[in-house]
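Q: Under the numbering used here, the first residue of the sequence shown carries the number 62, and numbering increases by one thereafter.
Bear in mind the hints are in silico, worked out from the structure with no lab data behind them. Quick caveat, the model's predicted, so the values are computed rather than measured. In this text, a Cβ means the ideal position worked out from N, Cα and C, and glycines have one as well. The reader is advised that the hints may include incorrect statements.
Only pairs whose alpha carbons sit at most 25 Å apart, straight line, appear in this in silico DMTMM-like list of lysine to aspartate or glutamate [unchecked claim]:
no., residue 1, residue 2
1, Lys166, Glu389
2, Lys107, Asp540
3, Lys107, Asp360
4, Lys166, Asp376
Across the chosen pairs, the derived CB separations fall in these ranges [unchecked claim]:
no., residue 1, residue 2, range
5, Glu169, Ser347, 23 to 33 Å
6, Val411, Leu558, 16 to 26 Å
7, Tyr363, Leu81, 18 to 28 Å
8, Glu169, Val276, 34 to 44 Å
9, Ala108, Ser223, 43 to 53 Å
10, Asp540, Ser223, 50 to 60 Å
11, Ser109, Ser223, 49 to 59 Å
12, Glu367, Glu389, 36 to 46 Å
13, Glu171, Val241, 46 to 56 Å
14, Val88, Glu431, 20 to 30 Å
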Amino acid sequence: MYIIKNAFRCISRSKGRNILIGIIALVIAVSACIGLSIRQASESAKASALEGLVVTATIQYDRAAAMGNMGGGRPGAGGGGGFDRDQFAGMMGNASSLSLEEYEKYSEAESVQGFYYTLTAYFNGSDAFLPVSDETEESAEASTEGNGMPARPNGMGQGPASGDFTVVGYSSDSAMTAFVDGNASIVEGSMFEEGTSDAVCVISEEAAMYNSLAVGDSVTVTNPSLESESYSLTVVGIYTSAENNDFSMSMFGASQDPANQIYMSANALQSLLSASEANASDTKVSGNLSATYTFADADAYYAFEEEVRTLGLDDAYTVSSPDITAFENSIAPLHTLSTMAGWFLLVILVIGGIILVVLNIFNVRERKYEVGVLTAMGMKKWKVATQFVCEILAVTMLAVLIGAGIGAVSSVPVTNALLEGQIESQEKQQMQMDQSFGRPGNMGGGFLGGDVGERPEDIPNDAGGGKNPFGNMIGGTVDYITEVNSAMNLTVVLQMLCVGLLLTLVASAASVLFIMRYDPLKILANRD
Numbered sequence: 062m063y064i065i066k067n068a069f070r071c072i073s074r075s076k077g078r079n080i081l082i083g084i085i086a087l088v089i090a091v092s093a094c095i096g097l098s099i100r101q102a103s104e105s106a107k108a109s110a111l112e113g114l115v116v117t118a119t120i121q122y123d124r125a126a127a128m129g130n131m132g133g134g135r136p137g138a139g140g141g142g143g144f145d146r147d148q149f150a151g152m153m154g155n156a157s158s159l160s161l162e163e164y165e166k167y168s169e170a171e172s173v174q175g176f177y178y179t180l181t182a183y184f185n186g187s188d189a190f191l192p193v194s195d196e197t198e199e200s201a202e203a204s205t206e207g208n209g210m211p212a213r214p215n216g217m218g219q220g221p222a223s224g225d226f227t228v229v230g231y232s233s234d235s236a237m238t239a240f241v242d243g244n245a246s247i248v249e250g251s252m253f254e255e256g257t258s259d260a261v262c263v264i265s266e267e268a269a270m271y272n273s274l275a276v277g278d279s280v281t282v283t284n285p286s287l288e289s290e291s292y293s294l295t296v297v298g299i300y301t302s303a304e305n306n307d308f309s310m311s312m313f314g315a316s317q318d319p320a321n322q323i324y325m326s327a328n329a330l331q332s333l334l335s336a337s338e339a340n341a342s343d344t345k346v347s348g349n350l351s352a353t354y355t356f357a358d359a360d361a362y363y364a365f366e367e368e369v370r371t372l373g374l375d376d377a378y379t380v381s382s383p384d385i386t387a388f389e390n391s392i393a394p395l396h397t398l399s400t401m402a403g404w405f406l407l408v409i410l411v412i413g414g415i416i417l418v419v420l421n422i423f424n425v426r427e428r429k430y431e432v433g434v435l436t437a438m439g440m441k442k443w444k445v446a447t448q449f450v451c452e453i454l455a456v457t458m459l460a461v462l463i464g465a466g467i468g469a470v471s472s473v474p475v476t477n478a479l480l481e482g483q484i485e486s487q488e489k490q491q492m493q494m495d496q497s498f499g500r501p502g503n504m505g506g507g508f509l510g511g512d513v514g515e516r517p518e519d520i521p522n523d524a525g526g527g528k529n530p531f532g533n534m535i536g537g538t539v540d541y542i543t544e545v546n547s548a549m550n551l552t553v554v555l556q557m558l559c560v561g562l563l564l565t566l567v568a569s570a571a572s573v574l575f576i577m578r579y580d581p582l583k584i585l586a587n588r589d
């Protein structure tokens with residue numbers, strides 16, 4: 062008790078010195094509080110985003126790895142002979158797509174919460190069912206010839222033909238993510254029954270208006286490679302989609318226009334593909350199978366990657382999640398800010414600790430005679446050292462408490478201001494890169510022509526919140542986490558207490574070292 066009382070008396074006697082130490086400790090405390098709050102806000106935002114994240118994953122063939130395993134290589138890159146294109150084409154045809162049975166096998170993994178798949182194929186229309194287009198037939202042909210890409214006659218090989226309509230077959234209602242998310246809805250009729258094998262479909266509102274169709278009418282689609290092969294579908298519903306309104310360019314072909322998408326059951330579409338193969342295997346309509354796995358959380362997704370390898374998935378295939386990728390992109394500015402805050406905190410603690418050590422060295426030297434008197438009176442050196450530690454601890458902890466209060470008030474606005482600057486910097490960097498490559502993310506010159514910075518009126522600005530019509534093909538937007546609502550919590554308070562104790566230990570280490578080395582008799586005999 063005497064040590065504590067004497068420590069407080071010494072603090073009151075040396076106000077100037079202790080105020081200086083307190084100011085330095087206060088600056089360190091405020092800076093540390095803001096830095097720790099930023100890091101805690103990053104962790105909280107990450108946890109909150111992951112909590113509400115619906116994680117999906119797909120299995121894809123790793124073409125780059127396959128090419129590397131084939132040998133050969135680029136000239137001058139240390140490879141062997143030339144690249145065998147025929148072998149690569151055959152390998153891609155045989156192994157690049159898993160079968161439905163294989164996809165279903167991997168869905169039995171314990172981490173999988175749900176499974177669905179889509180089947181995509183391309184068909185041509187008929188005289189009574191034409192694709193939505195803003196060009197006449199003559200202008201379309203002229204445009205094709207002008208590009209040096211003459212239309213391929215029906216029945217010719219050279220790979221699968223691309224039709225006028227994209228027919229998408231869904232295995233279940235959950236696979237129709239646009240309808241689940243509310244980006245698409247049925248405006249007339251109803252959706253086909255889940256898992257039905259009937260030749261029924263839903264078409265877009267634009268396609269229905271363009272062809273004067275109503276629910277209950279029949280439409281005819283044909284094989285792009287064999288015009289005589291046709292199939293009749295009954296329209297049971299008409300849908301509208303927000304995606305249709307964003308796509309206003311026909312340069313990618315009619316089948317790429319969302320208005321020309323036909324939805325039906327995967328079982329029904331598979332029946333059409335089977336009939337096409339039975340009719341003529343060399344001109345059959347091929348389908349592209351895409352399977353999606355859903356997980357309860359990100360941990361289950363990471364566990365799935367290991368489980369599918371155990372179930373026999375070849376190393377040539379990779380497991381990826383667009384949701385995890387989008388999530389990581391969304392927190393990238395906050396993560397960068399958190400990293401910078403960590404380094405800033407480290408620098409502040411190191412510099413502040415050095416300053417406090419230097420101040421306490423001078424403090425002990427000035428009070429050397431006091432140390433000699435106390436030890437000569439019989440007080441143990443460790444008790445004298447404890448008194449000095451208590452003095453520093455009292456001043457430091459008071460500064461830490463005040464600094465924590467200031468940091469708690471300022472941490473959220475400071476974090477949001479720094480985060481806004483980080484996001485602007487990242488978006489500016491991305492925009493400059495898009496301009497350099499002439500990509501439509503910025504829609505400057507190079508892609509559609511025009512000066513840098515020009516934007517056609519019918520193309521929405523991503524930075525303004527519009528949806529990029531190329532989002533699924535080229536880039537798409539990133540929904541960054543733009544603000545945090547809370548940065549200070551009990552964890553930060555405990556960390557601040559640890560910072561205060563750390564500063565006390567570092568600053569008092571010099572005091573303890575000098576006090577334990579002093580000889581009280583020499584101090585009293587050689588008093589300056």
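Q: Give a verdict on every hint.
A: Now for the hints, and whether the structure bears them out:
About 29 Å separates the Cα atoms of Lys166 and Glu389, which puts this hinted pair outside 25 Å; it is violated. Simply put, Lys107 and Asp540 have alpha-carbon atoms about 14 Å apart, close enough for the 25 Å limit, and the pair holds. Simply put, Lys107 and Asp360 have alpha-carbon atoms about 13 Å apart, close enough for the 25 Å limit, and the pair holds. Straight-line distance between C-alpha atoms of Lys166 and Asp376 comes to about 16 Å, which keeps the hinted pair within the 25 Å bound.
The beta-carbon spacing between Glu169 and Ser347, approximately 27 Å, falls within the hinted interval of 23 to 33 Å. Checked against the hint of 16 to 26 Å, the C-beta distance between Val411 and Leu558 comes to roughly 19 Å, which is consistent with it. The supplied range of 18 to 28 Å is broken by Tyr363 and Leu81, whose beta-carbon atoms lie about 51 Å from each other. The hinted window of 34 to 44 Å between Glu169 and Val276 holds, with their beta carbons roughly 39 Å apart.
Between Ala108 and Ser223 the beta carbons are some 45 Å apart, a value that agrees with the proposed interval 43 to 53 Å. For the hinted restraint 50 to 60 Å between Asp540 and Ser223, the CB-CB distance of approximately 32 Å leaves it violated. Against the hinted window of 49 to 59 Å, the Cβ-Cβ separation of Ser109 and Ser223 comes to about 43 Å, which falls outside the hint. Checked against the given bound of 36 to 46 Å, the beta carbons of Glu367 and Glu389, roughly 20 Å apart, lie outside it.
Taking the beta carbon of each, Glu171 and Val241 are about 25 Å apart, not inside 46 to 56 Å as hinted. Our hint of 20 to 30 Å for Val88 and Glu431 holds, since their Cβ atoms are close to 28 Å apart.
The structure fails hints 1, 7, 10, 11, 12, 13 (numbered hints given earlier, in ascending order).
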